[in-house]
Amino acid sequence: MQSMIISWLIAFWHSFCTAFGESIIGKAFFAVCNAVSRSWQNSSIIGFLRKDERVYTQDSVFVRIVCLPMTVLDFVKKKLGEVINENIKNSFICSFAKTYINNFIAINTKFFGIMLLTMGLAYLLIKVVSGNGIVIGGIVALALGAVMALTNFNIMKFLNNSVFVNFLKSCSGFKNLDIEAYTEDSTHGVTRLIISGIIGLITGALAGVIGILGLGVPFVMFGLSIVMYAPIIGVFFALFLAPFVPTMALAGLTMWTMLSLVIKSVADKDFKWRIDFVGVGLILLLTVLFISSLFSFARVQSLTVWAMYFVFFAYYLVIINTVNSEEQLHGLLKVFVISGALVALYGVAQYVFGWNTSNAWIDEEMFEDATMRVYSTLNNPNVLGEYLLLVLPVSVAFFLKFKANTLAKWAYGAMFAVLALCLVLTQSRGCWIGFMVSVVVFITFYEGKLWALVPVAMCIIPFVIPETMVDRFLSIGNMDDTSTSYRVFIWMGTLGMLKHYWPGGIGMGESAFNEVYPFFSYNAIAAPHSHNLFLQLTVEAGVVALLVFLVTQVIFLKKMSDVYRLDNKKSLNSSLVLAIGAGVAGFLIQSMFDYTFYNYRVMAIFIMVLAIGMSFTHIELGKEK
Numbered sequence: 034m035q036s037m038i039i040s041w042l043i044a045f046w047h048s049f050c051t052a053f054g055e056s057i058i059g060k061a062f063f064a065v066c067n068a069v070s071r072s073w074q075n076s077s078i079i080g081f082l083r084k085d086e087r088v089y090t091q092d093s094v095f096v097r098i099v100c101l102p103m104t105v106l107d108f109v110k111k112k113l114g115e116v117i118n119e120n121i122k123n124s125f126i127c128s129f130a131k132t133y134i135n136n137f138i139a140i141n142t143k144f145f146g147i148m149l150l151t152m153g154l155a156y157l158l159i160k161v162v163s164g165n166g167i168v169i170g171g172i173v174a175l176a177l178g179a180v181m182a183l184t185n186f187n188i189m190k191f192l193n194n195s196v197f198v199n200f201l202k203s204c205s206g207f208k209n210l211d212i213e214a215y216t217e218d219s220t221h222g223v224t225r226l227i228i229s230g231i232i233g234l235i236t237g238a239l240a241g242v243i244g245i246l247g248l249g250v251p252f253v254m255f256g257l258s259i260v261m262y263a264p265i266i267g268v269f270f271a272l273f274l275a276p277f278v279p280t281m282a283l284a285g286l287t288m289w290t291m292l293s294l295v296i297k298s299v300a301d302k303d304f305k306w307r308i309d310f311v312g313v314g315l316i317l318l319l320t321v322l323f324i325s326s327l328f329s330f331a332r333v334q335s336l337t338v339w340a341m342y343f344v345f346f347a348y349y350l351v352i353i354n355t356v357n358s359e360e361q362l363h364g365l366l367k368v369f370v371i372s373g374a375l376v377a378l379y380g381v382a383q384y385v386f387g388w389n390t391s392n393a394w395i396d397e398e399m400f401e402d403a404t405m406r407v408y409s410t411l412n413n414p415n416v417l418g419e420y421l422l423l424v425l426p427v428s429v430a431f432f433l434k435f436k437a438n439t440l441a442k443w444a445y446g447a448m449f450a451v452l453a454l455c456l457v458l459t460q461s462r463g464c465w466i467g468f469m470v471s472v473v474v475f476i477t478f479y480e481g482k483l484w485a486l487v488p489v490a491m492c493i494i495p496f497v498i499p500e501t502m503v504d505r506f507l508s509i510g511n512m513d514d515t516s517t518s519y520r521v522f523i524w525m526g527t528l529g530m531l532k533h534y535w536p537g538g539i540g541m542g543e544s545a546f547n548e549v550y551p552f553f554s555y556n557a558i559a560a561p562h563s564h565n566l567f568l569q570l571t572v573e574a575g576v577v578a579l580l581v582f583l584v585t586q587v588i589f590l591k592k593m594s595d596v597y598r599l600d601n602k603k604s605l606n607s608s609l610v611l612a613i614g615a616g617v618a619g620f621l622i623q624s625m626f627d628y629t630f631y632n633y634r635v636m637a638i639f640i641m642v643l644a645i646g647m648s649f650t651h652i653e654l655g656k657e658k
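The letter at position 363 of the sequence shown is residue 396 when you use our numbering, and the numbering goes up by one with no holes.
No lab work stands behind these hints, which were simulated from the structure alone.
Values in this document were obtained by computation on a predicted structure and should not be read as measured data.
Don't take each hint at face value.
Cut-off 35 Å, straight-line C-alpha distance, at most; resulting in silico cross-link-like pairs (DSBU-like, lysine-lysine) [claimed, not checked]: (1) K592 x K302; (2) K112 x K367; (3) K603 x K442; (4) K208 x K297; (5) K297 x K482; (6) K202 x K436; (7) K297 x K202; (8) K190 x K110; (9) K591 x K434; (10) K110 x K442; (11) K367 x K160; (12) K190 x K208; (13) K131 x K160; (14) K208 x K131; (15) K297 x K112; (16) K436 x K302; (17) K122 x K110; (18) K434 x K367; (19) K367 x K208; (20) K202 x K122; (21) K367 x K305; (22) K592 x K111; (23) K202 x K532.
Restraint-style ranges between C-beta atoms, simulated for each label pair [said to hold, decoys possible]: (24) N547 x E359: 42 to 50 Å; (25) R97 x I117: 22 to 30 Å; (26) V180 x L292: 37 to 45 Å; (27) L292 x E217: 24 to 32 Å.
The beta carbon of each residue, even a glycine, is placed where N, CA and C say it ideally should be.
Generate the whole structure from the sequences, applying the supplied hints.
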C-alpha cells in the first residue's frame, strides 16, 4: 500500500514541478533544455545511428561455414527428430529427471526426509568404517529425516502465497511469478522415494569422503535435470551465479546448457536456430584467435586459453537461441541486477567490517588517507568495478520504469545505491571514468534536456564527493602514482612488441605474453598482460583481431540504437536496451585501462550482456513480421 510519506512526497514534487514550469526561471530553463535537445537530434552522431543499414550476409562463404553445425543439426532433426524425441520422452532418465524436478520444486517433506535419512546413514557408515567415529552431523540428518519421512506435505504450496515470499516477489519485480510450478501427481508414489534414497546415499557417501562439498549433490542433480528439461533456466543460473562460483563451475554449467540446447534443437520440430551479425563477429574473432594460438610461443597454454574463450563466446549463441519473449528478457535482467546487488552488498560489508581487505592496490605514499579497496567475490577491485559497470545502468532503467507506488521501484533504487556505493569503494579510476561515460550515454539518449543541469551539478559535486575520492580521481595521469606509471610502462613495452608482432600476434594467454614481453619491458617491470584489452587482442592475434572486435562492438551498439528507436523511447524495452548499450560503452572505456577479459567470469558476463541485448533485436524485429 502506498504510504502517506510517499504520497506526500509525490504531491509535493508534482506541485513544485508545476510551479517551476510556470515561473520565468522555469521557462528560461526549459528553453535552454530544448535548445540542447535540438542540437543533439541534429548532430552527425544521431545521423549515423538513424541510418537504416541492412547488410545481408547469408550467402557469404564464411557465414555458411559458421552455420554448418546448425545445418547438420537441422538435417538430423528432419531425418531422426521424431524418433529421438519419442526415445527421450520414454526414457528412464527423462522419467527420473521429471520426478526429481517436481519433488525438489515442491519441497516435498517425505521426499527430502528419505533423502536426509539415507544421507545420514551413508555418512555415518563412511565415518565409522574410516575410523572417525560417530559424527553429530550424520545423527542430525538421521533424526530430521526420520521425522520428515512421516509426513507428505509440499512446503512450496505454503511458501508460494506467504506474506514474506509475496514481499520478496514484489521487491524483485516478479510480482506475478508462480513458484508453485510442479505437478501434484509426481509428489506421490514409491518411485520418487527410491530416487530420493539413491541421491541421499550418494550425497552422504561423498560428504563422508570429501566433506561439505558432497552436500551439493542434490542441488547439482536438480540443476542438471531442470536445465536439460528447459535450457533457458541454465541461462538464468549462469547469469546469477557467474560472480559467485569458480570459473570452471561456470564453464561446466555453460557447456551443459549448450548440450541441452543441442538436444532440444534436434528433438523439437519447431526449433529454429538464430544467428546474427554480432554472433558472426564473435565467431570470426574466435577463428583469428585460434589461428594465432596454433602458432603461439606457448602453443599448449594458448590453446587452453582459447578453449575458455570458445566456451563463453559460444554461450552467446545459446542465449539468443533460448530467449524467446520479452518476459524472459526482463526476468534475466532482473536476476542480473539482483545478483549484482548481492555482490555489491558483500563488497560494502567488506569495507564496513574490514573483511579480507588490504591496501595492496593503493599507492600508500601518495594516498595516505585511503583506507582500502573492496573486491567482493571477484578477487580484484578493478574486476569488481568492471562487473558493476554492466549492472548499474540496468538497475537505473528498472528504477525509472517501475511505478512510484510499487515496492519494486524503491527496491531497485536501493539496489542502485548499493551498486554505486560499491563502485566508489573499489577506488577504480578507470571504472569511474567508464561509469561517467555510461551516464553520459544514458542521459543523452533518455532525456538530453537534463544536460542543462550540468552547471548546477558541477557546483554541488565538490561539496558532496569525499576528498580522498577527489584526490584519487585527480591523480589520473600522474606518473608519481605507481599504479599509473606501472600501466604506462607496460603499454610502452607492449607497443614495442607490436612493432614486430602486429600482423599475427604472439598467441593467447599469460604464458605466451611472458615469453616475449621481458625483451621489451621498461624498467624491468613484470606483467601478466598489457592492462589494455585492445592492445592485448592485437598483441595476441594481430591487428585483424582488433579490427574484428571493434567492428563487432560498433555493430552491437548500432543494433542497440536501432531497437531503441523501434519502440517508444520511454518504454521499458527501450530503456533496458539503452542501459545495456550504456553499460557496454562504459565497459569498453574501462578496457582501455585494463585487460577486462583476463578474468574469465567477467568476460562471460560481458558476452551474456551482449547476447541479451541482441535478443531484444530478435524479439522486436519479430513483432514487425
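Tested hints:
1. K592 x K302: Since the Cα atoms of K592 and K302 sit roughly 30 Å apart, the hinted pair holds (cutoff 35 Å).
2. K112 x K367: Cα-Cα ~40 Å, so violated.
3. K603 x K442: holds, 16 Å
4. K208 x K297: holds, 30 Å
5. K297 x K482: violated, 48 Å
6. K202 x K436: The hint holds at about 15 Å.
7. K297 x K202: Measuring from Cα to Cα gives roughly 30 Å; hence the hint holds.
8. K190 x K110: It is violated: about 39 Å lies between the C-alpha atoms, which goes past 35 Å.
9. K591 x K434: holds, 23 Å
10. K110 x K442: violated, 45 Å
11. K367 x K160: violated, 44 Å
12. K190 x K208: holds, 17 Å
13. K131 x K160: holds, 33 Å
14. K208 x K131: holds, 26 Å
15. K297 x K112: This hinted pair holds, its Cα atoms lying about 15 Å apart.
16. K436 x K302: violated, 41 Å
17. K122 x K110: Holds, at roughly 16 Å.
18. K434 x K367: Holds: K434 and K367 sit about 13 Å apart, inside 35 Å.
19. K367 x K208: Status holds; Cα separation ~12 Å.
20. K202 x K122: Holds, at about 33 Å.
21. K367 x K305: Status holds; Cα separation ~27 Å.
22. K592 x K111: holds, 33 Å
23. K202 x K532: At roughly 56 Å apart (the allowed maximum being 35 Å), K532 and K202 break the hint.
24. N547 x E359: 42 to 50 Å: holds, 47 Å
25. R97 x I117: 22 to 30 Å: Check passed, 25 Å falls within 22 to 30 Å.
26. V180 x L292: 37 to 45 Å: holds, 39 Å
27. L292 x E217: 24 to 32 Å: Holds: the Cβ-Cβ distance is about 30 Å, inside 24 to 32 Å.
Hints 2, 5, 8, 10, 11, 16 and 23 from the list above are not met by this structure, while the remaining hints are.
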